[in-house]
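Residue numbers (numbering that gives the first Met the number 0), protein chains in the order written: chain Y, 0 to 725; chain V, 0 to 526.
Calculated from the structure, these hints are not laboratory results. Be careful, since some hints might not be right.
[Said to hold, decoys possible] Listed below are the simulated SDA-like cross-link pairs for lysine to any residue, each with C-alpha atoms no more than 20 Å apart in a straight line:
(1) V:K468 <-> Y:A131
(2) V:K493 <-> Y:A131
(3) Y:K216 <-> V:K493
(4) V:K390 <-> Y:A131
[Stated by the list, open to error] Distance ranges between label pairs, derived from CB positions:
(5) Y:I641 <-> V:W487: 25 to 35 Å
(6) Y:G684 <-> V:A383: 25 to 35 Å
(7) Y:I676 <-> V:A383: 21 to 31 Å
(8) Y:G525 <-> V:W487: 52 to 62 Å
[Stated by the list, open to error] Not close to chain Y: a few residues of chain V, all C-beta gaps over 12 Å, as computed:
(9) L52
(10) V169
(11) R206
(12) S210
(13) L238
(14) N294
(15) R298
(16) P410
(17) V440
(18) I455
Just so you know, these numbers come straight off a predicted model, no measurement behind them. Cβ coordinates follow ideal geometry from the N, Cα and C atoms, glycine included.
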Amino acid sequence: MMIPAMTPEGAHPLATTVARLVWLLPLLPLLGFLINGTLAMLGVAKVGPADPSAGHDEHAHAAHTGGHDDHAHHAPTRHKFAGIVSLIGPGVLIAAFGLAVACFLAMRGVEMEHPYIVTLYQWMPVGDLNLAATFQLDQLSMVMVLVVTGVGTLIHVFSVGYMQEDPGYPRYFAYLNLFIFFMLILVLGGNYPLLFVGWEGVGLCSYLLIGFWFSEKANADAGKKAFIVNRIGDFGFLVAMFLMFANLGALDFGNVAAKAAELPMGGVMATTICLFLFLGCAGKSAQIPLYVWLPDAMAGPTPVSALIHAATMVTAGVYLIARSATLFSMAPTAQLVVALVGGLTAFFAATIGLKQWDIKKVLAYSTVSQLGYMFVAVGVGAYVAGIFHLVTHAFFKALLFLGSGSVIYAMHAAYHATHKHDDAQDMRNMGGLRKFMPVTFYLMWIATLAIAGIPFFSGFFSKDEILGSVFARAHGSTLADASLLGVPGGTILMLIYGLGLASALMTAIYMTRMMLYTFHGPNRTGEAERPHLAEAPWIMTGPLVVLGALSLVGGWLNVPALLGAIGPVGVLDHWLEPVVGEAALRTTLGAAPHMTHETELMLVGVAIAIATAGIAFAVWRLKPAALVAKKDAVAPQGIDRILENKYFVDEGYDKGIVQPTLDVSRVVLWKGLDTGIIDGLFVNGSALLARAIGWMGSQLQTGQVGTYAWVLLIGVITLLGAFTFR
Amino acid sequence: MTAFLSSINYSAWIVPVLLLLPAFGAVGLLAHARLSAGDAADKRWREARLLALAFFVAEAILSLGLWWSVDPAVAGWQAAVDLPWIPQWGIRFTVGLDGISMTLVLLTTLLMPLVILGSWTSIRSKVHSYYALLMLLTVGMLGVFVSLDLVLFYVMWEIMLVPMYLIIGVWGGERRLYASLKFFIYTMVGSLLMLVAILYLGSEASRVLGSPTFSYDFILNNVRLDPTTTLWLFGAFALAFAVKVPMFPFHTWLPDAHVEAPTAGSVILAAIMLKMGTFGFIRFALPLFPSAAMNPAVRTFMVTLAVIGIVYGALVALVQPDFKKLVAYSSVSHLGFVMLGIFALTVESMQGALMVTINHGVSTGALFLLIGMIYERRHTRMIADYGGIAKVVPIFATILTIVCLSSIGVPGTNGFIGEFLVLVGSYKTQPLATIIAATSVVFAAAYMLWALQRIIYNPMTKPENEGLKDLNWREIGLMVPLLIAILWLGVYPKPLLDKTEPAARRLVESVQTAAARTPARATNGAR
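Just chain V, same shape as in the assembly (with noise of 0.2 Å):
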């Protein structure tokens, strides 16, 4: 695979045919939506989720070579391309991959398929923009992983936010404006100020190298800031990030996005979209401050605001009637557990923080992919309306209790290894925030296994519920690579962690030795 990824010089091309892709598509279904606006709207509607399946269909394809032309030993950007953007400013279109960043790209071009297959029949108004919209939003997501130019990472960053509140705010549920208006802000003013750091470490670079830089390798390596200048920037990029995690107490807007965003809007946020506020933390908070990230006080704050947010989200998610709003609450525990992973800063607790990140992906992804299909039938998401209904649905009943078995962590799905890896390695740096921690896997047993009972058990009370429909073979077709990737990653998780351990390692030791050196932050050898 190797030799033949090398013979069609795979690395040279694939980061910007990713990225262009996925917005050739969304132009060409905007001259889809042109060319057929003569025909009936069921043969437009059909042709266009066709169109935009076989879109992200390529996308996956394309994509899978990074597996393993990404080698995850080397310490330096993979797949990289350099060309100059606007370079008045010094503003360059600078991308690379490491291992962290390659598994969160195939993470997002291999789930977006499902969403498309998953809003298969549920979304037939205004189509064109729909998927173009989920197009244009995939060239920011993707764009965020693979940046290491700060504006190119800004501007990425920023294009994220159009399209989801557009998904949100017309496709949504009743209170949409409400929702999607409030998602827009709360991140838009979270990452103003992260614009400001970007600017002044710009102008800071540019002093250093002497003409105009925005380059992540050339402020990684060579500014020197002191200790205040550097708690302040990463004050404000943290900001930016813990909106987007989200980190109590930043998360409310989170279950209300979730809950009126259509169902790949919900997928997306919470399998991709979440997971570049961790992301942020890992490639650029703690890289380019490591002194202000290991700052004692600094450190627990965030491993207090992690663990405050694991606990919270898990029993808040308790008492929601909502099932939405309850996956919604338990993100915020998971996540909680990917910060508390990063900020304990052990190769044990970073390898399973980037564990979760993905195994929230799927599993979450999964749930709110579920939801979306038995809301289709019922057009209820309360849980008080359900019950009894695994006799009506076994399939549906069957997958549903698997994800949520994976979602509370039991041994055997992927859920525990990261959950285990995570506690096990911040034990070693922070003993009581982690068991405190671990007194979630009780209140998570607890309300997804309560919300678990009161929908497929208990006796069948609503007539409504008898007359339901098991899922369909695209629905089972589009939950398989998902259930195999739970038991997949929970028996056998070794190759992933192969892929991100050495990314991982060198972040532990890199912010470590570069943080002992305080208060001036030296230069340091790491990429």
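Same shape as in the complex, but just chain Y (with noise of 0.2 Å):
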């Protein structure tokens, strides 16, 4: 069941190249974690004595000698195993970036029709449900693990630099490694329940990795609400593999595929099939209604941000989608569902990011607002360009955080220096930085042209591409004829554009308000701490030097035809054509979406004008001169107050969904009918029921002769009464 027909094992062409040897790929991460694991307990673990409850009290209190503050860069030392977990921690990682190349190109060698899959063994074989552990490579899955293990590379060996003098620093790299390896089961599973494992597997690294310094309450309370937020989602993935498992009947991706091609077009069946998928990937992609979990999560170590909250796992439920394509493209008002919640998530997080001060704070609502960028292009049926912008993103998201990574470690070396507390993360602390930490200044904005849209860095090639997608479809496409809520899917296509326009005006805004309060103007973190301002050392801007080279040139992936002057055209839509080609067309009726020179011409122009535009804008209205410093910071009004708390929307949904749960449970459910009703009343009402008659009849057994020779009457007459008149 799990390999479809035309493709027997072992018959396929990679079968006899190195891809073969695909399970090695989270194999090498997994040995990561077993060995970095072993040594974070053996750096940790004391065993307890054999009579655990013997002389408990005598100490109590012996260790009560204070001194627990061991946040990062406090600790004076490194750890014992810090030499053996720097090498095998980013180790694994080179190795299986390396596979994955040669991997790679022995797929570049062959034609590939079919995916290869490679079955490990049987899984869950119950019933009719014939689940086996599969791999399953093909383009798709090729791009995922290049970008995961290639990113996952540089952000492990920018870990090494700055977690370098944290105690938990086997503890972080065993965390790390577990999370490559569960994101490499997501992209590599050949079912769903699989990808499912790899989902929420990378669900619970990042769980301990956002609660990685878990003294902290905000920061312990941060991973339970990503978890739990997940798990929202992880509802909707779960019933959607139900609903496929008793209409398609098959749980893996190519028969799914087979048989939802056989689905009535738009039908109810792969509509709710859909939403529920939807579902899963609002909570892993932060989707509204479920991104709450993802600013929050920027509690975890900053290069974890940059793996996991920007460069791969929340990039998962884009492609879920462009992995069950062909399901998608059989349901267009789901379609428009997704690129429609794209479209204003990307907008909404847009407005957040204008004013946040947190300097992760502004990444984070910018990767929330991206990601909705890349489900405006799946939702569309433009897979390819969401998996290029996924590219992209992964580039330069990943660079920004890294470089605001950078940044904080400066300004806590600094703090850390003067022994002064302040926050290290605010941009009003910060200003001028260009002048102490020039190689981050410079890739930053690499950086931040990408993401802004500035022609022939990487993200003007993604995101023109997503908006033109966009554009073409409002017209002559399954979604034009489509409609939601009786809205016609083409006048919807249009406000998602304006969405996307106008999103992409306001990132350019927030990115330059970031590098100006960041890099320009006077320095404001103080006199002291000044002179204790540096560069990161070069094993952590090493990583940002390669990542700004692949911001600069990644949009060369998928050159437009318009400007095929400068490069190969199309590269990732040949690579892709052969997984996602089929469902594309389907939702443009069966043609490549037709714009003429002319339209083309204008909607770059368009992009290039709001880009810069958004840009001059923030240079010519912000002054950072003008700012103060966060201690002297007066608190916002009006509508600044309400996008720097974020609409409110955490504390709506704590006062609206999650006290109301809490009280019913406790008053309600438990104290009420646990306690009250089926205890208080039934349990012991009984039993006091039982104990009342009980003492009736002893109180009858008083030894009175006279009573009983009464009650014996009365009893004898009753009878009597009672068959008398019968």
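Taking the hints as your guide, dock the two standalone chains into a single complex.
Rendered as structure tokens:
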């Protein structure tokens, strides 16, 4: 069941190449996890005494000596296993990346019509559910594997510097390796349940890494929130799988796609499955209404934010939709929902990004916003555009996060040197960092121009392709013919296009704002701290340089025909065509969306104008020189206050959902129903009743013969009466 | 292995031996108590626990052969023994196994040594009686799983009650008397009606046969009842089992019993005794009364109670200040999955139900063991009394995290496989109930991770926790098999699924075909 009939295993052209070692890809980071995890345990564990109950009180206060502050960068020495961990942690990633590249080269060398499927073992062979653990290597998973292991390697290397003084150093790399393991399961899994294993696995690692410094309640809270909100999405994913199994009779990608293509176009079943799948995506990829966990997730170490909460894990939802392209192409209404939610998320998050002061929060909302773009793309059936933006975003957003990490690292070091406790992530405490950290400064500007969509930087190509795809599908596509809540699809697509343009404008503004406040103008860190501000070591700037180069040239992955003069056209288009081509064509009614040269030129022109205008506007209006440090800042008013507080959505969820759930559970269900009615009234009540009857019975036994005689007499008369009048 | 087992004629004697060995153990312990009366208390205690461990380890090793000797594909009972017991009344000592009961027997025998190790240092008073009662309890539990005579089954069912009543009532916490009495009366009341039903079935069977019998197989294959009677008898059995499971709203004995019981009691209650209820449905209530079980109204009713249990248990668990109580309510939720899987009646959901049965035994058993370990150090079960202890007891924190993740069904652990199979299978026949049940993935994560955070994460605010000692080698050692089971069943559940699949398939098919022939339940070929 797992293997499509037309590709018997072994006959696949990849079976004789290095790609048959695909199982080794996740195994390498798993190995890293096991070794680093063991070292982490060895580093901290002290096995207890044989009799745990003995001598408890004597030792109770022995360790109460204070000095528990071991937040990053405060501990003076490196971990005793730091050497070997630094070797293994990034080492397994480099090996995995090498293998991924080898697989990629092998794949380029063969004619591949069908995905290469490797069956590892029978996983859940139950009834009609003949699930196997299979890996599926095709053009789409290859792109994802390269991004995950490539960007993953860079971030692992960066972490060696960033986390070097952390007492939890081996634990950190253990979690990071485990994350890569699950991420590779996610992108390589050959069926939905196995993808789901990776899906929840990366969520688990995200939980562990957000709460990495778990001794602070805010961090532990953020980790828990991420997990629970993601689980709401996972509920949707699960229901989608139940629907698939019950109605399509399969859960592996090949058969689900084959069966999905037989469903009625735009039917209820395809639409329902897709909407439930999208609920899963909204959780994992932080879309409305489940985006709230991602900004909080910034509580984790910054390289984690770069790897998990920007470049890889949060894009899993985009991957899932691209992977389910056939299903979605059968459900235009669901596609419209996906695109609309994506567009709204892109817009909404961008407005919040305009007013954040924490450098990582700006980037977090920016990530939510950019993920929105990706959903717009896969929503309108422009799967290649979505994956393209996923890849370029992985480059420039990882660069932005790591760059901010290197800024925070410098700020921390400065505050640490002077023993001052202030916010190392608030941009109001930065300013003028350009002259202290020039490498980071230039690289982050590259990433900023890329995300803003300035021509020839990577983001320009991918964002332009998305906006163009939306515009093109507003006429002559299944989407334009469909409707959502009575509104015609064409209108909705134009609305999404408008949202996309507005978001692009805001992206340029908030990114420029971030750069201006961080690197330009006068420095506000403090007189004493200023001399301690310095560029990060090479092990951190090295990966930044690589990402900078990728942010510059990443756009050449998929050059549009319009700009055919600058390089080969549509490389990614051709590469992904076997996986998503058919589904994409279904949405565009069998023909590639056609636009005149003039229209295309106009669209590109508008995009460039908007990006430039955004940057210019920010430079014109924002005055870094007028900014005051965080401690001197005044509370914002009006719309500023609402934006800075993120529209009070978290507060609303708390008051509207979380607290009522807790209250109902406690007061109504537990105290009321459980303890009160069931236990109090029925259980203890019946016990009381039994006792009461027993008491009455015992009262009758008075020992007075006279009473007995009377009772006897009454009884006899009653019986006689009963028989007589029967 | 199979050849070796048949060379020693393993199947012929293993079941009686498994039942007798703990009984001998109980006698042995009482003898030791008498013989060592003059020794120092410390020495007696050490010898008693060693003796108990030796018996349970021997029991576990002996039972291991069942894994190979019981062939799941064979349709009849295996390792069966049939001896006369009370011939005048037609009561026989009939025992036997299929793939389902075999896995439950193994769960019991393999868990018991860990239970003994788990209370290695915490029980120091009246140790001989304590271990003797655990052994008696084991006889009852194994007896329930292997009995194929209805009276024998009932006797074993009630035998379990007394030792557990005493274990809670003597070695329990502050409100142990209330809890033990509640446990006893609750389950007793539930099972009395079952006794009436058993006697009725016996008399019907005797009428058909012409001589007295309580044989499960005979009743299954030959007794035909009218629909109303079937419904009443099903109700009587179902009530006894529903109390034991426990299904909402018969669950309120469980939190009290769990909280007050000593660690061993909680572990056995959760891991094995609750499974008597679900096993009862699988072995008796469904196959004996298929027309009642498949009656749409009955089925909807049971599925509704199961789903209420799933969501309700999770929500109430969310607000528990006592960690043990939280786990108790989480059991109500997990067992709801089992019931949903059983009454959804597809092969996948039934397999899922059996998987959850085993998983809950492993994971919740592990949770209670861990709570016992930390309780032994801090003498409190209140979540609020902890916080930030991952720093001082990292081994404990790591193991607790893994077990909690398994409890909330994170993929890669056993918990996921069970819940997934139940849900994916149940959707086919009970779509709405399944979707409601699936919401518990959110609530489960909420109650477990919130508790986990308040226990091992957050700042350490209580100075009493700073001197906490981490787990010792014994405690680590007894958790390792459970952790292996959690990961093994999560990554490669096939070997276990293969053991139960044929029996689960036969059950589902026989109930479906038998119910299709209503009103009069006809003979069917199953077993």
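A quick look at each hint next to the structure:
With a CA separation close to 43 Å, the supplied pair K468 (chain V) and A131 (chain Y) exceeds the 20 Å bound. Distance hint between K493 (chain V) and A131 (chain Y) is fulfilled; the C-alpha atoms sit about 10 Å from each other, no more than 20 Å. For the hint pairing K216 (chain Y) with K493 (chain V), the CA-to-CA distance comes to about 41 Å; that exceeds 20 Å, so the pair is violated. Distance hint between K390 (chain V) and A131 (chain Y) is unfulfilled; the C-alpha atoms sit about 40 Å from each other, more than 20 Å.
At roughly 52 Å, the beta carbons of I641 (chain Y) and W487 (chain V) sit outside the given window of 25 to 35 Å. Between G684 (chain Y) and A383 (chain V) the C-beta distance comes to about 31 Å, which sits within the given range of 25 to 35 Å. Between I676 (chain Y) and A383 (chain V) the Cβ separation comes to about 27 Å, which falls inside the hinted range of 21 to 31 Å. A C-beta distance of roughly 56 Å is found between G525 (chain Y) and W487 (chain V), which places it inside the suggested range of 52 to 62 Å.
The non-interface label for L52 (chain V) is consistent with chain Y: the shortest C-beta to C-beta separation is roughly 15 Å, beyond 12 Å. Remark: the non-interface label on V169 (chain V) is consistent with the geometry, its nearest Cβ contact in chain Y lying 19 Å away (cut-off 12 Å). Residue placement check: R206 (chain V) keeps its beta carbon more than 12 Å from all beta carbons of chain Y (closest about 33 Å). The Cβ of S210 (chain V) lies farther than 12 Å from every Cβ of chain Y, with a closest approach of about 40 Å, so its non-interface assignment holds.
Here L238 (chain V) stays apart from chain Y, with its beta-carbon at least about 14 Å from theirs, past the 12 Å limit. For N294 (chain V), the non-interface assignment is confirmed: its Cβ lies about 23 Å from the closest Cβ of chain Y, beyond the 12 Å cut-off. Every C-beta of chain Y lies more than 12 Å from that of R298 (chain V), the closest at about 18 Å, which supports listing it as non-interface. Some Cβ of chain Y comes within 12 Å of the Cβ of P410 (chain V); the nearest lies about 4 Å off, and the non-interface call is violated.
Non-interface status of V440 (chain V) relative to chain Y is broken: a Cβ of that chain comes within 12 Å, the nearest being about 5 Å off. Non-interface call for I455 (chain V) relative to chain Y: violated, since the shortest CB-CB distance, roughly 8 Å, does not exceed 12 Å.
In summary, the structure is inconsistent with hints 1, 3, 4, 5, 16, 17, 18 from the numbered list given earlier, while agreeing with the others.
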